[in-house]
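Go by the hints and put chain B onto chain A.
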Amino acid sequence: MNRFAHFVKKESLHILRDVRTILVVIGIPIVLTLLFGFAISTDVNNINVAACAPHRTAAVRDAVSRVSHTPLFTFKGYVAPDEIDKVLRTGTAEAVMVFADDYDHLVAGTAEVAGCGVQLVLDGSNPNVAASASAYLMQTLSGVAAASPIDTHILYNPQMKSAYNFVPGILGMIFILVCAMMTSISIVREKELGSMEVLLVSPVKPLWIIAAKMIPYFALSCINLLSVLLIARYALGVPMTGSMGALLLISVIYIVLSLGFGLLVSTVTDKQMVALIISGMLLILPITMFSGMLFPTENLPLVLRPITYIVPARWYIDAMRKLMIEGLAFGDVLLELGILAAMTIGIIRVALMKFNDRLE
Amino acid sequence: MPSIRVENISKRYGTFTALDGVSFEVERGELFGLIGPDGAGKTTLFRLLTTLMLPDGGSAAVDGLDIVTDYKSIRQIVGYMPGRFSLYQDLSVEENLEFFASLFGTTIAEGYDLIAPIYRQIEPYKTRRAGRLSGGMKQKLALSCALVHKPRVLFLDEPTTGVDAVSRSEFWDMLHTLRQHGITILVSTPYMDEASRCDRIALINEGKILRIDTPDRITDEGATLEDTFIRLIQEEYGKHHIG
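Chains as they are written, first to last, in the working numbering: chain A, 1 to 360; chain B, 1 to 243.
Just so you know, the hints here were simulated from the structure itself, not pulled from any lab data.
Don't take every hint at face value.
Stated by the list, open to error - Straight-line alpha carbon distances no greater than 27 Å define the calculated BS3-like cross-link-like pairs of lysine-lysine that follow:
no., chain 1, residue 1, chain 2, residue 2
1, A, K9, B, K208
2, A, K191, B, K239
3, B, K126, A, K191
4, B, K72, A, K354
5, B, K72, A, K9
6, A, K205, B, K72
7, B, K150, A, K191
8, B, K72, B, K150
Here chain A stands alone, though its shape is the one from the complex (with noise of 0.2 Å):
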């Protein structure tokens, strides 16, 4: 085993001498992290309302006052009724709230003409956020206004953080960018170098070269991994009150199938910039669009649905938002385990397979 702990070391040296590689593959996921969980974002803030109301009576002030004291809402104060439209119009608010002339009365409930209390104008150019604004100005007026017939309750993520739903969908990513691209790119390194000649004309075994390979850079995933969790969990406030173990578990499988692809890239190339090109355009982008990781996967056109399911990034995502964020126990995620180790066995049989000890 001697030769195995000689090889692993080579390889590790390659990667500790590297400085800006071993930065960058370190650097990223934190970086991807922080920028998905802080910077972008799609949820809905600062929503500027107006509102129009020539009456002004106590209900109508203690509705104004309820919408203005929620952080997700500016108010931008009262315009009369010709401005609506100038006011959406010039950007100045996304929402009007228009209050009916008998307003107090129907909130009151003695209104001799049952009818709505408030109307609200929406600048729908966002959809998005014309959505979500009149989802949560009914909400807040909801409760001034009658009682709405409908009470909800948005369990998992009540306040609707996009960054939950992302940071399963990142690890999906870097493991396949870290993995994959690394290792594919190390062994076809061997190949332009020549070196790869003078490793198969010796007694090394192919397999110990993919293996010794492989070590590194899955010590590298792992920490990944770990910094990524810590993030997740201490800076986004992701509650992580799922099984612990099978969150591992499952992230280790993943992490071997993503060193699979990556061996199995590098068997059909060897020049480097292919390996790059294959990894980076072939893998990313499935992953990017197949795998439910930026929108759902039930978003898709149903003729392409099908390709989720040979996405193995679509079922670890999957499984990691089930126990991240919905706090599932391992039970709940055996499909997802069972397919991906699965998808992993196959991907690494193919790779060997593959992996010729010979030059053709």
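Relative to chain A, chain B alone:
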């Protein structure tokens, strides 16, 4: 038993014939040179003999071991320095050597006697990264790496390409030293001046061996080896196109 025996071996890449019925034998402890221009089939021959490729026809044996069936045993006893081989630039001289020793389950100390005449010259720089060595020093380190496990047969594919004249000359001196240890050396070169330092040479062109003999006997009376080679190639070309 010859150290290397090649019988009527052929290798094709698609429609291109890289080797066309090549046969020769190399005795134990012989320094045998393959002389020929780029694309003559030298590298292909090396890859066949080092079991990196399979022949399309014919057979070959290294130290009595068949290159197709006994390839695993051959990999234990040969040293190989590929043509475009460069060491691990980011590892130090010592780390490179140590790694190649460990590949064969041995250590620098065990192989030290054999590599000492070569390695001693670069040993003062053993903590230096291989990428920062001069061309000649890289060559010595590469040869040390190919020798550290005490191979019985050494394959050197154009080992002196891109190395300065002084280092080249030193390199050939080292090969002569190694021969005294009974190591069979098959070396290829495109340089005619190096051919004269071999025990025997084979002139190879377009996948065919034109002539095998000692450098002195192969050379035409009153001509240089280069002139002889060119004449032989033209003869072959004429035969091919007239006949």
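Hint check:
no.: 1; hint: A:K9 / B:K208; result: violated, 44 Å
no.: 2; hint: A:K191 / B:K239; result: violated, 40 Å
no.: 3; hint: B:K126 / A:K191; result: holds, 25 Å
no.: 4; hint: B:K72 / A:K354; result: holds, 19 Å
no.: 5; hint: B:K72 / A:K9; result: holds, 25 Å
no.: 6; hint: A:K205 / B:K72; result: holds, 10 Å
no.: 7; hint: B:K150 / A:K191; result: holds, 25 Å
no.: 8; hint: B:K72 / B:K150; result: holds, 17 Å
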